[in-house]
Every structure is written in C-alpha cells, then in structure tokens.
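Chains A and B supply the protein sequences, listed in that same order.
Quick note on the UniProt record's numbering: the first sequence kicks off at 1 and runs consecutively.
Quick note on the UniProt record's numbering: the second sequence kicks off at 1 and runs consecutively.
Please note that a few of the clues may not be correct.
Sample of chain B residues facing chain A (criterion: CB under 8 angstroms; computed from the structure) [what the hints assert, rightly or not]:
| no. | residue |
| --- | --- |
| 1 | Tyr252 |
| 2 | Gly333 |
| 3 | Ser370 |
| 4 | Asn373 |
| 5 | Leu375 |
| 6 | Pro388 |
For the chain B half of the interface with chain A, some residues (derived, Cβ under 7 angstroms), not all of them [said to hold, decoys possible]:
| no. | residue |
| --- | --- |
| 7 | Ala332 |
| 8 | Leu353 |
| 9 | Pro358 |
| 10 | Phe361 |
| 11 | Met366 |
| 12 | Ala374 |
| 13 | Asn376 |
| 14 | Ala378 |
| 15 | Thr391 |
| 16 | Phe393 |
| 17 | Leu395 |
Okay, the calculated beta carbon distance ranges per label pair [to be verified]:
| no. | chain 1 | residue 1 | chain 2 | residue 2 | range |
| --- | --- | --- | --- | --- | --- |
| 18 | A | Pro171 | B | Gly294 | 51 to 57 angstroms |
| 19 | A | Ser164 | B | Glu419 | 57 to 63 angstroms |
| 20 | A | Ile290 | B | Glu419 | 38 to 44 angstroms |
| 21 | A | Leu123 | B | Gly123 | 56 to 62 angstroms |
| 22 | B | Ala102 | A | Pro222 | 29 to 35 angstroms |
| 23 | A | Gly286 | B | Ala102 | 47 to 53 angstroms |
| 24 | A | Leu229 | B | Leu120 | 29 to 35 angstroms |
| 25 | B | Glu234 | A | Pro222 | 36 to 42 angstroms |
| 26 | B | Tyr287 | A | Leu123 | 57 to 63 angstroms |
| 27 | A | Leu229 | B | Arg510 | 53 to 59 angstroms |
| 28 | B | Arg290 | A | Leu123 | 38 to 44 angstroms |
| 29 | B | Ser320 | A | Ser152 | 40 to 46 angstroms |
| 30 | A | Val115 | B | Ser320 | 49 to 55 angstroms |
Quick caveat, the hints were computed from the structure, so don't treat them as lab data.
Cβ coordinates follow ideal geometry from the N, Cα and C atoms, glycine included.
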Amino acid sequence: MSETHAMPHRRPGLSPHQASRRRMSQGSRLPIATPARRNKPRLKLTRWIGLSVFGAWVLIAIFGPLFSPYPMGAFVSDEIYGGMSAAHWLGTDYMGRDMLSRILTGARYTVGLAVVAALLSSLVGAGFGMLTVLLPRWLEEGIRRIFDTLISIPSKMMALVMVSAFGTSIPLLIIAAVLSYAPGAFRISHSLATNLATLEYVQVARTRGEGRFYIAAVEIMPNMIQSVLTDMGMRFVFIVLLLSGMSFLGLGVQPPAADLGSLVRENIGGLSQGALAVIAPALAIGTLTIGANLLIDSLSNSRGSQKE
Amino acid sequence: MLGESLSVRDLRICATPPGGEERVIVNDIHFELAPGEVLALIGESGSGKTTIALAMLGYARSGCRIAGGSVRLGETDILSLNPVQTRALRGHRVSYIAQSAAAAFNPSRTLMDQVIEGALIHGVMSRQEARQKAVSLFHDLALPEPEHIGERYPHQVSGGQLQRVMAAMALITDPALVVLDEPTTALDVTTQIEVLRAFKQVMRERGTTAIYVSHDLAVVAQMADQVLVLQNGETQEHNTTASILEQPAHDYTRSLLAAARPQDHLSPVEGRHGAELLDIDDLQVGYGARDTHGRPENVVLEHINLHLVRGQALGVIGESGSGKSTLARAVAGLVAPSHGAVQFDRRELSTTLRGRTPEQFRRIQMVFQSADNALNPAHSVQRLLNRPLETYFNLDRRARRARVEELMDLVKLPRNLLERKPGELSGGQKQRINLARALAAKPDLILCDEVTSALDTVVGAAILELLVELRRELGVAYLFISHDISTVRSLCDDVMVLYQGQCVESGPCRQVLNTPQHEYTRRLIGSVPELRQGWLESRPQRRETAVPVA
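Isolated chain A, as found in the complex (with noise of 0.2 angstroms):
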C-alpha cells in the first residue's frame, strides 16, 4: 500500500509541468526498464570490487605481518630503489629493506590507527549528536558551540600544533584525528536526531514518561544506525588520508615503525627514478581510500533504492 501511495505525494513536489519536463528527459517511461532496475547490475559490482579490495586491506592489516617475508627493519639487500625481483616482490628501499616486508606490516599501523580513530569519532558524535537532542536547550547549545568551534580548525593544523606541542606518539595521533572529526559526526547525526526526535513515536515515549537514554537508545538510534555507519565509513577514509599526510610530512609514526605515508615519504628520493619503493606505497593508499569509498557508496545507494 505504502508503496502505490507514497509516489504520488513525492512525484509532485515539483510543479506539474517541471516534473513533465523531468520524466521528459529521461523519455517516456512505457518501454524502458525502470532507473532502478537499470542501476541493480551496477551497484552490486562496486560493491563487490568495495568489499574485496577494502577486505583485503583490513585481512593484510591483522595478518600481513605473519606472511612478511623478512622482518620490518632488517637490511637485506644491497641495492637501493631495486626493482621487482624473485627475492623481493615489490623492490627494495631507499636503505635496502624488502618494500612487501615494510608494506605488509605498515598497513596494519594506518588501517588499525584510522579504524580506532573513526569508531572513536563516531561514537563520540552520534553519542553526543543524539543526547543533546533531549537535553535541556540551552545545554543542547552549549554542546553544539563548542563542536562548531572544534570543526573551525582545519585537521591538519590542529593535528600539527597538538604534535609540536606534546611530541608525536600513537595515543596523540588517535586523539588529534577524533578531535578534527568528530565535529562532523556531531553535526550529521544531530541533524539526523533532531528530525527523529519531533517524530510521534518519539512523543509516545515521552508521554509514557521514558528517560533521555531509553529514547536516545532504543527509539531514536535504531532508525539513524545506517546513517551513521556510512559516515563513519567516509570519516575513515579522511582520518587515512589525515594520518598518511601527517606521516608524509615526518610527524606521524615515527621510525623504525612505518606506515603508509612515512612509507612515500622515506623513499621520495626514489621518485625522479620512478622506483616502485615510492609508487607501492602510493598505490597502497590509493586502494584502501577508493576500495573503501566504493563500499560507502553502494552502501548507501543500496539503502535509498530500498526506500523508494
């Protein structure tokens, strides 16, 4: 029923005539399959690519030490900037380390480091982004002041100050990348909340006489859950690229430990050779971000056509 009686509420929310001129563009509706049913094959194939290269990723991140053919830090080859060979699949660094060896253990430091960050972020935003809606206005207020001046400062100059004062450190790193990106988490899922909470099944509960954390918990949460988990995703894949900056620029993980980025950065000398020391590792970061935003995007996808 609600699928008949929905359309013609949505349908028209353009004047008549624009909406013509909409469906005009797309032709006429008889022979040709419907938007949904032409997107389906496409959609389920990012998702796939999404989901094997970020799986990937995250499998390399938990076992990828294991299967490091030599340990991190040791020397174990003459050359420099090598190139591909039987001994050393992906070359060797600018001191003549196994690159695999180095990738296979640095992806665990930028994958771990950016999931902490992210579950962190979320859980610190969507926490206070649906509290505050049942919170008293002007503490409500109080709380989205202080995340707006938060999001006011660009992560990376924040993430450079917090680091030239304390030092760097992994703890440091993990707090500068919630404090630059939670304030967005906030800012969606408060919206997200706000709507929520004006909904009548919000106000039943409260005339039942409920407390702020059964509502916030058990009748707002489960209907903004997938909302959140998306932005999460997107956080993830900036908290990478925030980390890898910080680590390109020599303030992130700090040798003999690498990861990604300090990877680029350590055999940046490579580059005017094109050695694969310095293009791995880039390609390494390019994957993980594109995988991961491929799955984002069929996620969400997926979750509006199901909708309509």
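Since chain A is already given, all that's left is putting chain B on it; use the hints.
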C-alpha cells in the same frame, strides 16, 4: 466545447516491487467518455485509481509499466506516441491537478510564472496573452483579487486558493482532458465546498472532459456523470452516478455507500454519571515570547473549559489550525499551557512531563493520527506492545506475553502479526496496534487525535466500531479529536466546536449537531457533502469572510 471524447480499452498496468516479481496491478479497464463528461474513479488506497488516471497522460510511475490496452483521446492514441509526441501532449491537451497543491508549487517563484509556464513551453500563446488568460481563469475560479493574486508566492495564499490556482495552471492551455487526483482531500470541508464549486463551474463552462479520482463518494456525487468503482485494480461496477447511488449492483459498492452514509449514534452508553475525570479551567496555550501579562505572542487556544467524567466520550471538532490537536497535546503534557489549570481525577496535572507521576502517565494515553509515524519502524509489534507493560506493570515474562496476546485479541488482530515490523502491516492494522499500545496501559482516558483521518472509509469505519466496543467493554473515556463530523456523531456523547482557538459551541452531540446555534457550527455542518446529486448546487453561495468568534 473544448473537450474531446476519451476511450480506454483493455488497459493493463504491471508493477515490479524492488527485488520482486512483476505483477498486474491494473487489469482490463474499459470506459468511454463523450466530450465534456466527467468520470470518477473511486476505491480505497491501493485500488489503482491514481495509476489509471496517470495512464491517461501516457505516464506510469517508477517501477510500473503500461503493459497493454489503448487510450484514445479524440483521434490520438496516447499509448502509441513517441516521447516527443507525449511531451507535446502533456500539460497541453491533457493536464493534471494533484492532491497536494502545497507540494506541487515551487515556493521560490510567483504563482503567475508557474501558471503560464505550461502555455509558454508549448508555444500556445505569447506571454501577454497567457497572463490575460490566467487572470480571466482566476476570475472564473472565484479567487480574490484576480488581477494581482498572480504576483504572490505560494505561501502567501491559503490551501484552498492554491488548489484553485493549480486548476488555473491545468486549464491555461484549454486542455481536452483534465485529470484531477483527489484535489480536495487535503482541504477542510468548509474550504472544499468552495473549491468544488469553482471546479465544477469552470469545467462545465469549458466543456472539459475530466477524470476525477477520489475516495469520497459524496464528493463524487457532486462532480461526476459516470462512476467507476475499483478494487485491487479491477472494475467492480461502472455506471452513471445516479444508478450507482440509487441502485448499487455490486457488494463492494454497497459497502462503500454504507461507510459513507452518516451513521447513527453507535455508542449506546450514556455514561455521564461517573466520577469526574478531567477538568480544564480557562486554558490558554500559545507559542513565542510572553508579554508582561504572561500572554504568548501567538495564542493557539484560549478560554477553554472542559469537563469529562469517567467513561464519557467528548468529540472536539474544528478545521485545521483551530487548535484541536494542541488541546490534546496540552493534556498529554507535550506543550505547557501559558494560563489555566488542568485537573485529572481531582488532582492538579503538572504542565510539563517532568512533573507528572508514573501513575498519571499510565492513566492518560495518546493515540496519534498517523500510525506510520506513531509506531517506531525499527521495533516489532511484540516489542511495541511489551514496552508499556514493562514500564507500568510489574509482570513476569509469561504474564506479559499473555497480556500482549490478550491485547491483540482485543483489537481483533491475529497473533501471528506479533513478529512483524510496522512496515509490513496495512494502514488499518497499524492503527489497531497503535490503539492496542494505548490500551496496554489500562488507561482511564485516551486522547484520540484524528485516528481515522488517514484511513480509507471502510477501514476507518471498522476502527470507529472498535473504539465504540472498547468503550463499552472497558469503560474508558475518550477525548476524540476530529475534523469529520460524522465520526464524532457516531462515537461521542458530547461535542465541542473549536474555531480559531476558541470554543464556539459545546453540549450534547445530538443537540449541537442537529440544532447548531453558532454560525460557524452551522457552516461546518452545512459544508459536509451529502450523498446525493445536486447537493452542491443547493448550498447557498458564501462570500469568503471569516465568521466572528463571539
């Protein structure tokens, strides 16, 4: 005469639900219209009436496809046109008037721009001619200030006026066929009568052929020459309006007619002898900053006095914006009144939720209009009904389970629905769950806010019967808010008429509705369409002025 004949044969439309198999939603539709005739498509939601109406424009909604048949307008076979020809047809020879005018207008452009846009796109006339034509249409549609209303923006005119402006938009190109999709459903009865009158007049003058989609038989009786009764996408009965009203041949048509006829008083209980339950004294509710006397900037309700005893049903009627929902929300504690007192069972009720006791929460339950929004889509029926039991009563698991099943029996729903989520239920089932949740608390007072308005006539009548039965069995009191006089008449003992935030008349239902004293009450009752042809013409014309409150 501008209208052309319309002939529809063997029309069949298929739909594909997401991830599902294609199925036929409209099958085997036939009808013939002479130029200038009006056909009404009538049926409950999901019966395919809008789908058929849109097929007249050669259009099928996303996920649907016109699978067979023919639609001939004059000499044109609409379904065999190519996209360019269809484009030339729509908004020119065939036009469409949607249900919600508010959603159909672009809020950032003037009405005139939007009304003449269709004529300009199709190159029918110059901008200057189109403007003149629009002004004459505004005049014919009895819009105020026809010369200047086009300069306004959509939010600057009322809902009924906007609906008439949309009619002007549809008629500007002198179409041969107009499709009207529930054009007055979203309007108050007092506005509806003016809009219907204006529609009928312009359509008669121009001899336009029209398809009128509606679920309201009384409205259809005023507008249509022929009626096509639909159920599940199939024709149940097709005849002239007079025959349908006088000699309905099909059972389904009879059930529609029965649901549309004003019912007699269903409630047998004259329960005005119990103890006092709710007592409202000089209530004032408003929004915005308060002045030195504590009077808010926008007063929604004022000078409301109300007494309710146990087991009594009080109907509150009024049009949208009269403050009737605000009254229920003030009693529920969702809005704090700026003045006045609410006593429940002889004890002062706190104006805010925080000051109320769990017992007060339990004894006052609210049932909202739209069950879609009132039931959390993430929770199963079982969970929805369980929660009030957990909150209010100290029961073990098994007792709760038994009580949930008892509630399902009470609202006459099968127990196998317990595991479903609200999205998997029909509109009527959702409203029953909504009621069951309120009943779970064993309340003394249920605030019903337009509980039958979003439902089809037949389903709504069943809910109303259920309410009457529950009252007889459980002795619960209702504060029943509605804009529909016939539902109030069949359920309530007493009635209170609200107009612009004030009570203009109150008293026993029969007395107020049969011998109304206030002019507004008379107008409200006189505007409810009656199930006979010629009713619209028999109503006196009214100037668009507000009735004085006092």
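Which numbered hints are broken by the structure, listed smallest first? Failing hints, ascending: 1, 16, 17, 24, 26.
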